[in-house]
Amino acid sequence: MEFVSYFGAVFSPFPFLILIIGTVGGLILGATPGLSPTMAVALLIPFTFQMEPAHGLILLGAAYTSSVAGGAVSAILLRIPGAPANIATALDGYAMAQKGEAAKALQMCFVSSAVGGVVGILVLIFLTPVLAAWALGFGPSHLFWIAILGVTVIATLDSNSVVKGLLSGCIGLWISTIGLDSIQGVERFTFSEHLDGGIHVIAALIGLFAIPQVVEMLEIGRNKKIMTLMNTAQHSVVDSILEVLGKVRALFIGSTVGVIIGLIPGAGGQIAGIISYDQTRKFSPNRERFGSGESEGVVAAESANNAMVGPSLVPLLTLSVPGSPTAAVLLGGLLIHGIFPGPDLFTKHADVAWTFIDSMLVGQILMLVFGLYIARLAAKIILVPPPILASGILILAVFGSYSVQHSISDVLVMLTLGLGMYCLEKFGYTAAPLVLGIILGPIAESNYVQGRIIAQAGDGMISYFLTGPLNVTLYVLCLASIGYSIVMEVRTRRQQTAVTENEVGEEPA
Amino acid sequence: MKRILMTMAAALSVAFAGDALAQKYPDRPVSVTVAYSAGGATDFQARIVTMVAGNAQYLGQPIVIINKPGAGGKVGWNHFASKAKTDGYELAAYNVPHFIAQSIKFKTKYNINNLEPIANWGADPAVFVVGKDSPFNSVADVVKFAKANPGKVTVSGAGLFVGHHIAFLQIQKETGVKLSYVPHKGGAPALKSVIGGQVMAGVNNLSDAFRSRSNLKILGIADNQRDKEFLPDVPTFKEQGFNVDDSSVNFRGIMVRKGTPKEVIDVLAAKVPEMFKNARVAKQMKNGGSPLRVLNRDQVKKMWKERQAFLTELLKGL
Amino acid sequence: MNDHQGASQRLQQIIPPGIVVAFSLWIAFVSFNVDDPQPYLFPRLISIALVGLSVLALIRAFLGKDNVGEGFTKTKLKNVAAGVAVMGLFVFFLAEFLGFYTASALTFLVIVSLYDPASHFEIQTWVKRIGVMIGFTAVMYGLFTLLLKVQIPKGLLL
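Sequence order for the protein chains is A, B and C. Residues in the first sequence are numbered from 374 upward in steps of one, following our numbering. Residues in the second sequence are numbered from 3 upward in steps of one, following our numbering. Residues in the third sequence are numbered from 893 upward in steps of one, following our numbering.
Worth flagging that the hints you see were computed from the coordinates, not collected in a lab. There are no misleading hints in this set.
Computed list of lysine-lysine pairs in DSSO-like fashion (alpha-carbon distance at most 30 Å, straight line):
| no. | chain 1 | residue 1 | chain 2 | residue 2 |
| --- | --- | --- | --- | --- |
| 1 | C | Lys968 | A | Lys799 |
| 2 | B | Lys273 | C | Lys1046 |
| 3 | C | Lys1041 | B | Lys285 |
| 4 | B | Lys85 | C | Lys1046 |
| 5 | B | Lys307 | B | Lys264 |
| 6 | A | Lys472 | C | Lys968 |
| 7 | B | Lys273 | B | Lys307 |
| 8 | B | Lys318 | B | Lys149 |
| 9 | B | Lys288 | A | Lys721 |
| 10 | B | Lys273 | B | Lys85 |
| 11 | B | Lys318 | B | Lys175 |
| 12 | C | Lys1046 | B | Lys87 |
| 13 | C | Lys957 | A | Lys799 |
| 14 | C | Lys1041 | A | Lys753 |
| 15 | C | Lys1041 | B | Lys279 |
| 16 | B | Lys264 | C | Lys1046 |
| 17 | B | Lys134 | A | Lys721 |
| 18 | A | Lys472 | C | Lys966 |
| 19 | B | Lys279 | A | Lys721 |
| 20 | B | Lys26 | C | Lys1041 |
| 21 | C | Lys957 | A | Lys655 |
| 22 | C | Lys1046 | B | Lys26 |
| 23 | B | Lys288 | B | Lys219 |
| 24 | A | Lys472 | C | Lys970 |
| 25 | B | Lys285 | A | Lys721 |
| 26 | C | Lys968 | A | Lys753 |
| 27 | B | Lys273 | C | Lys1041 |
| 28 | B | Lys175 | B | Lys304 |
| 29 | B | Lys111 | C | Lys1046 |
| 30 | B | Lys85 | C | Lys1041 |
| 31 | A | Lys753 | C | Lys1020 |
| 32 | C | Lys1041 | B | Lys260 |
Derived coverage of chain A by chain C (criterion: at least 3 residues anywhere in the stretch with Cβ under 8 Å from a Cβ of chain C; other residues may be distant):
| no. | segment |
| --- | --- |
| 33 | 764–776 |
| 34 | 797–808 |
Beyond 12 Å from chain A on every Cβ pair, some chain B residues (computed):
| no. | residue |
| --- | --- |
| 35 | Asp29 |
| 36 | Val145 |
| 37 | Lys149 |
Ideal placement from N, C-alpha and C gives every residue a C-beta, glycine not left out.
So that you can see chain A by itself, here it is in the shape it has in the complex (with noise of 0.2 Å):
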């Protein structure tokens, strides 16, 4: 109970305005396309070297958490997810919107954040050195079927026909390795030189989702009758908390996913979000409604990505391995003060540990307020008519995939990509295998070749990959979720062409 005495700290008037500070640059940071958690933390690094440590963590840590809830903003209102980890929110978020439920989609999304927050913060708070060990007994060969498992399951989720969304899915891969690959440098499918520093996961996240929105909205034309948009409807924050607090399945499912995803060293936190609102579809009585503006969608995806971020921070806080590279960030903020993350960090600089987690934990509380404040602003975007909000959309997207590592390439990969997007979406292909397929790409590929060199140095491919109770928990999870689909999709057709045959379809396990 050590960390109660340090809350004191953070409500001192001055970290507390650091707080505050932190936590609404990182909602607009968030919520800015092509600025991801770990981009907001890195740009303010550099604020915290004339601060005292403390006061500089308070800022890294509200940034942190605020700016992965400022992603589902624009994930809900424009199906452009703030950063990867928000893609699954904008499944049903969006759909939520299109209805005229923004602001409840909004303020939903931060209530489950806040709960999944702090379920996370509490795991670091009173499991870390349990769970530390744990989570470094991943190795290459269970981080290669994480990552395999991840495309699975967006690709079986997203999509009207499993096979296209898993084609999606494998030509996403195939974009990771574009570019001299990582090991030896070797030029990969590069057609132009704009190409040779590979497809950068942000570029093409903005590319692959704004654009196709883009273009949709000049579909209408100059159309004087169609321009009347969506109206949002008012809803009331009480009713939201409690709406949230009543779904208590997507709740402990979201947080338990989000914790063991975020404990994983190197596993990536985007999956998070996914790979909880796929299992809370699966135990859901309504599953038939995911997609089309299912609520209990919002709350599974968003308590899952904010359960990850505490819980990321073990393997960093206790033994100085940064476990994502958002925590590789944190760990250059805390090296430049000169506390080293280890064993020692909680005895030797004690103060700074549990005011930086007190911080987080007050942080997400705060993130609430300001962000269902943001919530009734922030709908009144879709308010905004096509033409504008599409060329602000536009010069948005090519600004923020610039700014990511100050590359024109990027900028034309984006807008490419983007077409192209645009064109597959008119034949029921999604977006968001493809993107995971891109982001998880680079994470397979590396754990691959890893498992081979260690599989070949012991005993052989077969038994390194395929066995071991992980392993085979790990890829009967991506089988079984082909499976499902698989079954899902035939009976909805079955229901489709002939409503006699309704009841036929078996159950699935």
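Given chain A, put chains B and C in place with the hints provided.
Showing chains B and C alone in chain A's frame:
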């Protein structure tokens, strides 16, 4: 239109070249390209050593760090050596032996002849580590085991033809045993594999290994002398009877493209090493567990040449 | 849906998997025909999956299954064409040539004017359009140049 303007600019710059240029330079922020991702050791140190650039006695203009990561640095350096402007406003950070080894081994757009060193800020030797519960207690133990089980010892490191890999190759050559090198995406994941027991041993940065020392056994330093400040008790390879010298030590510093005006290089070469020696920089570097080693332009030039010769020899036939 | 439309729909549905099949075969060919297999181990795995899935998708498209998505219609293509052309011009040419801020302000104005149903012949319309353009560009400048300190490329102008 653009061409006309550029010709005019070129003409102007000739007219005002020389002292006028040196006096004016720099009159706007200067960028430093880092070929590794944000949060990595190179990025982290580059941000520290450039943080006082805005002070009047140094450049008088802030330095902005731009990350262009990919393929062990090749993406960023290829871009720099072929695209960067030679006006002195676009600098880059180098990592030796990485970029030299890559330029020998691969068709890269960069090599020591088309880049101009400015100054060196740091030197991070490679160390040989095993997990806390490993049965190995010295380099000799590892060698003994590997002799009996060729290729069975897996050793992690950050990528191919970086300092860690060079050290690995030297160790393998010197001990005559066959080990299996497992390249990772960076020093931190490679270290994680050692701590997590996924590989049996690893070559890693001294600074990173030092921070994780409670979860590791550090068996040897690939340098000519012990590290008195951070790891005074860890013996060098030479002390343990293996002739592995300091060729894998990771030197980090600032460079510009060839073709940058001599006046600009002179300004940078005079002021940048002074900036690295700044007391605040030194303190932050020490806090971060990063050894500072400032070398001036001539010293770096000599070091690059030596490494080039050594690496050409080592990598022959690989 | 009449027969003619149905046929063109089906043809449209066959094109994307057809392209992907050809593409996958090429990827497989490249991945299995290299001197050093090491960098292509993973692409090999993917290319096998790609070929299998794309052939499956093609067969299903021929059978008329999986015809989800509405395909292209002439009206939509016509409406979209001008906007896409402006986007392409902006990103591939103007942005670097004029500088990001000038080019994006221009693009903003052109796209809004092309698609805004308000009359082009009233001064009020233009005041509004230009006002929004300036406001938006100012926000971008504040966010990227002032706050995030991104060095946005300059061309002939800002």
